[in-house]
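There are 4 protein chains.
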Amino acid sequence: MTKAIVLGGSRGIGKAISDSLKSINCDVFATSKEDIDTSNLELVKKFLDAHKETDILVLNTGGPKAKEFSDVTENDWSKYHNQLFVGFCLILQKIKINEGGYIFLISSSVIKEPNPKLIISSAYRAAFSEVLKILSKDYAQKNISCINIAPGPMNTDRTKELIENIDEYKKTLPMGRLGEPEEIGNFVKSIIENNIKYLSGVVINFDGANSNYVF
Amino acid sequence: MTKAIVLGGSRGIGKAISDSLKSINCDVFATSKEDIDTSNLELVKKFLDAHKETDILVLNTGGPKAKEFSDVTENDWSKYHNQLFVGFCLILQKIKINEGGYIFLISSSVIKEPNPKLIISSAYRAAFSEVLKILSKDYAQKNISCINIAPGPMNTDRTKELIENIDEYKKTLPMGRLGEPEEIGNFVKSIIENNIKYLSGVVINFDGANSNYVF
Amino acid sequence: MTKAIVLGGSRGIGKAISDSLKSINCDVFATSKEDIDTSNLELVKKFLDAHKETDILVLNTGGPKAKEFSDVTENDWSKYHNQLFVGFCLILQKIKINEGGYIFLISSSVIKEPNPKLIISSAYRAAFSEVLKILSKDYAQKNISCINIAPGPMNTDRTKELIENIDEYKKTLPMGRLGEPEEIGNFVKSIIENNIKYLSGVVINFDGANSNYVF
Amino acid sequence: MTKAIVLGGSRGIGKAISDSLKSINCDVFATSKEDIDTSNLELVKKFLDAHKETDILVLNTGGPKAKEFSDVTENDWSKYHNQLFVGFCLILQKIKINEGGYIFLISSSVIKEPNPKLIISSAYRAAFSEVLKILSKDYAQKNISCINIAPGPMNTDRTKELIENIDEYKKTLPMGRLGEPEEIGNFVKSIIENNIKYLSGVVINFDGANSNYVF
Chain S
1 MTKAIVLGGS RGIGKAISDS LKSINCDVFA TSKEDIDTSN LELVKKFLDA HKETDILVLN
61 TGGPKAKEFS DVTENDWSKY HNQLFVGFCL ILQKIKINEG GYIFLISSSV IKEPNPKLII
121 SSAYRAAFSE VLKILSKDYA QKNISCINIA PGPMNTDRTK ELIENIDEYK KTLPMGRLGE
181 PEEIGNFVKS IIENNIKYLS GVVINFDGAN SNYVF
Chain Z
1 MTKAIVLGGS RGIGKAISDS LKSINCDVFA TSKEDIDTSN LELVKKFLDA HKETDILVLN
61 TGGPKAKEFS DVTENDWSKY HNQLFVGFCL ILQKIKINEG GYIFLISSSV IKEPNPKLII
121 SSAYRAAFSE VLKILSKDYA QKNISCINIA PGPMNTDRTK ELIENIDEYK KTLPMGRLGE
181 PEEIGNFVKS IIENNIKYLS GVVINFDGAN SNYVF
Chain C
1 MTKAIVLGGS RGIGKAISDS LKSINCDVFA TSKEDIDTSN LELVKKFLDA HKETDILVLN
61 TGGPKAKEFS DVTENDWSKY HNQLFVGFCL ILQKIKINEG GYIFLISSSV IKEPNPKLII
121 SSAYRAAFSE VLKILSKDYA QKNISCINIA PGPMNTDRTK ELIENIDEYK KTLPMGRLGE
181 PEEIGNFVKS IIENNIKYLS GVVINFDGAN SNYVF
Chain W
1 MTKAIVLGGS RGIGKAISDS LKSINCDVFA TSKEDIDTSN LELVKKFLDA HKETDILVLN
61 TGGPKAKEFS DVTENDWSKY HNQLFVGFCL ILQKIKINEG GYIFLISSSV IKEPNPKLII
121 SSAYRAAFSE VLKILSKDYA QKNISCINIA PGPMNTDRTK ELIENIDEYK KTLPMGRLGE
181 PEEIGNFVKS IIENNIKYLS GVVINFDGAN SNYVF
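Top to bottom, those sequences are chains S, Z, C and W.
The opening position of the first sequence corresponds to residue 1 in this note's numbering, with each subsequent residue numbered one higher.
The opening position of the second sequence corresponds to residue 1 in this note's numbering, with each subsequent residue numbered one higher.
The opening position of the third sequence corresponds to residue 1 in this note's numbering, with each subsequent residue numbered one higher.
The opening position of the fourth sequence corresponds to residue 1 in this note's numbering, with each subsequent residue numbered one higher.
Bound-form chain S, shown alone (with noise of 0.2 Å):
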């Protein structure tokens, strides 16, 4: 049976990818923030002793609150270093994904269009995006694919904390409409369904037509 691992499995993205991938069968571990807070490393080393492997990784962490450069904190930059960079990396160094695995990271649309509200954010998921990338090159050879996704404005509690006024703000977006967590959940899913491999390596927007760049 594939066994999945989906951090932040509990609500949002990843209780969707979470859902989608036990439909398939998948034997799901979705964490919680008792399970696993990779903002701190102790717990995430202690997450590590007692899973020491899987077929699926999806690697999903919110992201801080909205705010401004000039207000961030040495500690939150320590903070969200932590959640947003070394834990994953701790992870990646130390658990195995078994070969014919995924990696999925959910990241966000401001690693390409970084966004001043969310800058922390901004800079951490482009960092890990990069060592993601590297890694996709030996995780290959292990025929194990590397897929970033990053989401643009989804329909999710985040949105709603950042988003003062939804319903203005969906008449701005092309499709008029915020993404829904249950289309990534499918997108997920029918890639490991359908046992997509060469699809790694890569950055997937996922924003509806929202972004500007032609690629």
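Please keep in mind that the hints were generated in silico from the structure rather than gathered at the bench.
One thing to keep in mind: the hints can contain errors.
For chains that are exact copies, the list does not tell them apart, and a pair is met inside one copy or across any two.
[To be verified] Only pairs whose alpha carbons sit at most 30 Å apart, straight line, appear in this in silico BS3-like list of lysine-lysine: (1) LYS65 to LYS33; (2) LYS79 to LYS117; (3) LYS142 to LYS171; (4) LYS170 to LYS142; (5) LYS15 to LYS137; (6) LYS170 to LYS117; (7) LYS170 to LYS45; (8) LYS33 to LYS79; (9) LYS45 to LYS142; (10) LYS117 to LYS52; (11) LYS170 to LYS96; (12) LYS171 to LYS137; (13) LYS79 to LYS171; (14) LYS79 to LYS52; (15) LYS96 to LYS117; (16) LYS96 to LYS65; (17) LYS94 to LYS171; (18) LYS94 to LYS117; (19) LYS94 to LYS52.
Please read these numbers as outputs of a predicted model, since none were measured by experiment.
Position chains Z, C and W against the provided structure of chain S, taking the given hints into account.
Only chains Z, C and W this time, still in chain S's reference frame:
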């Protein structure tokens, strides 16, 4: 019943997409060179007289033979400009994509990492990628998703023509193999099957971790 | 004496480059539409009969009027394909750039962030950017640097044609103003003056912090 | 008199920039490790107590030794996070750049084409590039230009440490040589000398046509 037109649907990636769409009961018209040759604009117009709408459109065509820049003739520019660019533009200007539909472009990884031997293809496929990007925002309003798939080295007749020693070449690839057309076929299928719409206005590099840029 | 050919050198950015090159004692041929119109390939060839070599080549030409995709005619594609793409290709196929020389392309920021009103320009300028990128590696062997400058909103007649209310528009720009052609002129001049050669094979967005993608 | 602070100004690219700014009569403070070591945040703060404003700021620092991902320790992440990222952030949060000034970041071509041996550098330099991109829009309002120069293989001590056989390596480069720090020094100088301001919010790859992506 969902209607699909797959250009260049008689072989390679086009055929794989066509086959996978048939497997989910789409009504697929997989064109061959006899049905439509986008290098001949009169034939394109004839085709458009007979095919006025579709739910799914797959824009796909082979590229020119490998040719160094110094050897490219005015005729080459003209012919492949039509084949890889104008023909597709005429189609998008005329054909009606039904609401909730999809446009897939099968371009090439050379649009981002251009290849000296494929200079014609690099240029015109990039040009059309710009067009599709622009149009994705309009199509979004009708819930039509535009997805540009940029294959890297695939297991097609074309690759065999371009590469002398395929076995040696494979060893240089991160996955040690070429991509299979079926992987793209299944990818397209599963997007449609799962009604994933928020993936739009995006280029998806499909190259087995072969590219070197992060995003 | 250093010889320079500046296409479209009678006005706007081309003129500014031409003027600044003259200020460092280059022997500048600043062409006008009478000397060479790249939309007319026969005139291009005639020009090439008379001008067989140069040290510095500035590929620069105006774009088409603003036009929505649905309004673009086959004639438009054909004309601007020549003007923005094939004409430049013919020039690079024939003209000799002397060792240690420079090729500057004045493209546009729309190659990376395509603009619905400038769809023709977005497409063909991107296409030619691919060609120049490919060739930059060959030219490098002869110590010839290829630099693609992609201007954003500049203070030119062209911008005034495209934008209705320039004063309102300026307020939307990060610097509160348009770029001055002289800034690009001086930029080009100082690269040559300082013999900076290692800057090559690169697109330099010149847009007053207006773009939204990180790189 | 124009005031400039050049971090890491005692050797390599930093020294070349420092020298070229002196040649145009800037009042340059070229820091060495004794003056400020961005890996030590307390020293950064001390430095900021003594240096409260400048016209030109050059953010420049060496990177870590080459290290494979599996060998990177928590200490490494922490140290270089400070050196390549947090230290620079603290500086930009505190120091006043005078109106009409410049911020140059000397990053690396690895931010776009990450390198397995330089994984730390790839990650944190990319992260800070996000920050500078975001801030460039604010700085633009005070006519301050932010320019991210991303050097490829340069003729510095650093490159000699990283590459075993430099002569063999040179043969693989399009120009057959490394870049000279003076080329970057002159580049920076000429932007300031010519008061080119509209070049901002941009990454300029400076790699002798070595990169493979088009843009």
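*Could you tell me which of the hints above the structure violates, numbers in ascending order?*
7, 13
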